[in-house]
Amino acid sequence: MTDVVPQVHPHTRFVAISATYLSRDFKSEDITDRDREDMIFFFGSKRSWVFPANEEEREESLKQPTKYLEFDKTFIDMILDKESKGLCYWLKPDCDFKKVSEFFANIKDPVTGEKICVSSEHNKDGGLILDERWWYDVYNQRMSQFGARAQMVIDNYRDGEHDYNCVMELIAQSQPHLKPVLRFH
Numbered sequence: 001m002t003d004v005v006p007q008v009h010p011h012t013r014f015v016a017i018s019a020t021y022l023s024r025d026f027k028s029e030d031i032t033d034r035d036r037e038d039m040i041f042f043f044g045s046k047r048s049w050v051f052p053a054n055e056e057e058r059e060e061s062l063k064q065p066t067k068y069l070e071f072d073k074t075f076i077d078m079i080l081d082k083e084s085k086g087l088c089y090w091l092k093p094d095c096d097f098k099k100v101s102e103f104f105a106n107i108k109d110p111v112t113g114e115k116i117c118v119s120s121e122h123n124k125d126g127g128l129i130l131d132e133r134w135w136y137d138v139y140n141q142r143m144s145q146f147g148a149r150a151q152m153v154i155d156n157y158r159d160g161e162h163d164y165n166c167v168m169e170l171i172a173q174s175q176p177h178l179k180p181v182l183r184f185h
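Once you know that position 17 of the sequence shown is 17 in the numbering used here, the rest is easy, because the numbers rise by one and skip nothing.
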């Protein structure tokens, strides 16, 4: 089996994978305005923890270790803006990485209107590589950018988990022009 040769993409886009960490870092001078504008959000939390629709959801949010209801108003507005542009995905409650893959596959560049993700032999839809054979046969630990072993990545997406290293490895290996980040400093 041959290695997947990444296609050249005009520029790298950050994928913020934690609402908690991004809420602390979003004003960082380490993030350029362009990066902030182009950034994609893929959060492992529930949308209702940030935007509860009723008292039950508010109480569930308050039980979480992160104080979602205390997020900065500017950050809340940033999330809403990303949602309106189709650049924000919440893993919970579905926990379905096929849907996550579709989300990435359908993101379009606002200027060109073209999809930003590229397809390959192992992710024909242009989303994420959810092909176990690729992870076992092509990927190896030397390719790892975040220290995740193949079985860890597979178990993570199969179980609908959001382990940071596994999620970051999945994104980085699937779409080399996307740069998953946990922290910005």
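Hints are computed from structural coordinates only; laboratory data are not their basis. Please note that a few of the clues may not be correct.
Unchecked claim - The list that follows gives simulated cross-link-like pairs (lysine-lysine, DSSO-like), each with its CA atoms no further than 27 Å apart: (1) Lys82 - Lys46; (2) Lys73 - Lys98; (3) Lys115 - Lys46.
What the hints assert, rightly or not - Listed next, with one range per pair, are the computed distances between beta-carbon atoms: (4) Gly86 - Glu59: 18 to 24 Å; (5) Leu69 - Arg142: 40 to 46 Å; (6) Tyr164 - Arg142: 35 to 41 Å.
For each residue, glycine too, the CB sits at the ideal point set by N, CA and C.
So, going through the hints one by one against the coordinates:
1. Lys82 - Lys46: 15 Å, holds
2. Lys73 - Lys98: 32 Å, violated
3. Lys115 - Lys46: 26 Å, holds
4. Gly86 - Glu59: 18 to 24 Å: 30 Å, violated
5. Leu69 - Arg142: 40 to 46 Å: For Leu69 and Arg142 the Cβ distance comes to about 43 Å; the hint holds.
6. Tyr164 - Arg142: 35 to 41 Å: Roughly 21 Å apart at Cβ, these two residues miss the hinted range, so it is violated.
The structure shown violates the earlier hints numbered 2, 4 and 6.
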